[in-house]
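Peer 1: Heads up: the protein sequence lines correspond to chains A and B, in order. Count the first sequence with my numbering and you get residues 359 to 608, in order. Count the second sequence with my numbering and you get residues 359 to 608, in order.
Each hint can be trusted.
It does not matter which identical chain is used: a pair holds within one copy or between any two.
In silico DSSO-like links for lysine-lysine, alpha-carbon gap of 27 Å or less: (1) Lys597 <-> Lys560; (2) Lys401 <-> Lys471; (3) Lys471 <-> Lys560.
Hints in this document: simulated from the structure, not taken from any laboratory.
Number of protein chains: 2
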Amino acid sequence: MSIVLVSPRNPLNIGAAARAMSNFGFGDLRLVNAYDVAFQEAKSAVNAGWVLQETRNFASLPEALSDCSYVVGATGVTARDPQVPLHRLEQAAPDLHEASRYGRVALVFGSEKHGLSREDISYCHRLLHIPTRPAHDSMNLGQAVAICLYELVRAEPEALQEGDRPVAASTETLDLLHDRLFTVLKHSGYVNRTVAGSVEIKLRQLLRRLAPNAEDATLLLGMVRQISLVLENDALREKCRQEWQDAPPD
Amino acid sequence: MSIVLVSPRNPLNIGAAARAMSNFGFGDLRLVNAYDVAFQEAKSAVNAGWVLQETRNFASLPEALSDCSYVVGATGVTARDPQVPLHRLEQAAPDLHEASRYGRVALVFGSEKHGLSREDISYCHRLLHIPTRPAHDSMNLGQAVAICLYELVRAEPEALQEGDRPVAASTETLDLLHDRLFTVLKHSGYVNRTVAGSVEIKLRQLLRRLAPNAEDATLLLGMVRQISLVLENDALREKCRQEWQDAPPD
Numbered sequence: 359m360s361i362v363l364v365s366p367r368n369p370l371n372i373g374a375a376a377r378a379m380s381n382f383g384f385g386d387l388r389l390v391n392a393y394d395v396a397f398q399e400a401k402s403a404v405n406a407g408w409v410l411q412e413t414r415n416f417a418s419l420p421e422a423l424s425d426c427s428y429v430v431g432a433t434g435v436t437a438r439d440p441q442v443p444l445h446r447l448e449q450a451a452p453d454l455h456e457a458s459r460y461g462r463v464a465l466v467f468g469s470e471k472h473g474l475s476r477e478d479i480s481y482c483h484r485l486l487h488i489p490t491r492p493a494h495d496s497m498n499l500g501q502a503v504a505i506c507l508y509e510l511v512r513a514e515p516e517a518l519q520e521g522d523r524p525v526a527a528s529t530e531t532l533d534l535l536h537d538r539l540f541t542v543l544k545h546s547g548y549v550n551r552t553v554a555g556s557v558e559i560k561l562r563q564l565l566r567r568l569a570p571n572a573e574d575a576t577l578l579l580g581m582v583r584q585i586s587l588v589l590e591n592d593a594l595r596e597k598c599r600q601e602w603q604d605a606p607p608d
Numbered sequence: 359m360s361i362v363l364v365s366p367r368n369p370l371n372i373g374a375a376a377r378a379m380s381n382f383g384f385g386d387l388r389l390v391n392a393y394d395v396a397f398q399e400a401k402s403a404v405n406a407g408w409v410l411q412e413t414r415n416f417a418s419l420p421e422a423l424s425d426c427s428y429v430v431g432a433t434g435v436t437a438r439d440p441q442v443p444l445h446r447l448e449q450a451a452p453d454l455h456e457a458s459r460y461g462r463v464a465l466v467f468g469s470e471k472h473g474l475s476r477e478d479i480s481y482c483h484r485l486l487h488i489p490t491r492p493a494h495d496s497m498n499l500g501q502a503v504a505i506c507l508y509e510l511v512r513a514e515p516e517a518l519q520e521g522d523r524p525v526a527a528s529t530e531t532l533d534l535l536h537d538r539l540f541t542v543l544k545h546s547g548y549v550n551r552t553v554a555g556s557v558e559i560k561l562r563q564l565l566r567r568l569a570p571n572a573e574d575a576t577l578l579l580g581m582v583r584q585i586s587l588v589l590e591n592d593a594l595r596e597k598c599r600q601e602w603q604d605a606p607p608d
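Whole structure, please, built from the sequences with the hints as guidance.
Peer 2: Here's what the structure looks like:
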């Protein structure tokens, strides 16, 4: 499992997240667009430990998530997006364990000040919230990370069974599918420039809800690629049309 | 319930404990032998909030506990005293709730550096430990407080809310989607007559695995319909192509 901090600003919080990860046995910390000063300060802190030595900083959230197939965002109840299912932490934990059997799982935290943006949330399959008081639901970042990891350890299934389960499609594959399908939708007039931004996010969330496995994603990529080709190539299109018109009815 | 911090040295930790208490709805923070400087700094921090305004500093642990009838100390596994029962946090939480029906309960945390002393532990009815890795069981004080309070809130589950579960797409809708998509795939050359039968079945199964809800199925139907239209209509197709070619790059 990977822990992803988007735009962390305070080196103490980066350090606190890393410490909690070490406490609970999680090793893969990823930062997105971290202030370089904050990152370097956290790394050079006394007792920064093994987690921070391996921590990587990415330029964007999709880059940080490229090898992840299940993405859960931590958010306050008020920041929710109605398109993305929101669960209490203890209800979300079993799903995270289950999903980690099929691919890499990422747990994403927003910046101290603003939390996750709508764009960030569009990369998430699920959202979780820690059951704080509604009147004060803004948690310290390091404490929020610690509580989530505690719950994950607490909810850990006794023994995981090996299954021949299909591998889930990675964020990289979903984004490739998204980009190609979006191009087809543009070239078919489903999207115009006015609505392009909102359709792009809608489409990203749709693909997360459908959650194709890796094999199905490949199948879909092939379909979209062929539709795209035929939209660009008049001769090919005419040929396909002819083939089915000439053929006897099914 | 009272949260007691024995000899806290870092104002940030006092502040973090108070913030977590506010997050989870606990109001009574007591310090024992806190460095006065640390206490004043924490109190004057921005957003110190209502918990810190009411926080009291005591000269000794028994004074801080004088009105408490059940005392639980938080400790690492290694620091335990064989005379005092030690439970994992989630096993200790129900006892704390039960005891709070009969009198004031205190949850006591030791100093950042040394944890609870043998003397401190002698005031405890029970000890609890957070299930960290034995190789790194020293937690940050603010995070330890946050996790304990989370578990206490968690152990009192609120009534589960009824969710607005999305309605699954009907077989009728799935089949409509299947038929339209299959036509597009034929007209784009993805399917030829040799493989048509097997692709048709593959596509049907794919749609079941994706299991779109009714709303998403409508979204997909709209996309497929538009792609189908543009495949059949040369003028429309040229128009869409022009629109995106003429437009400035994204």
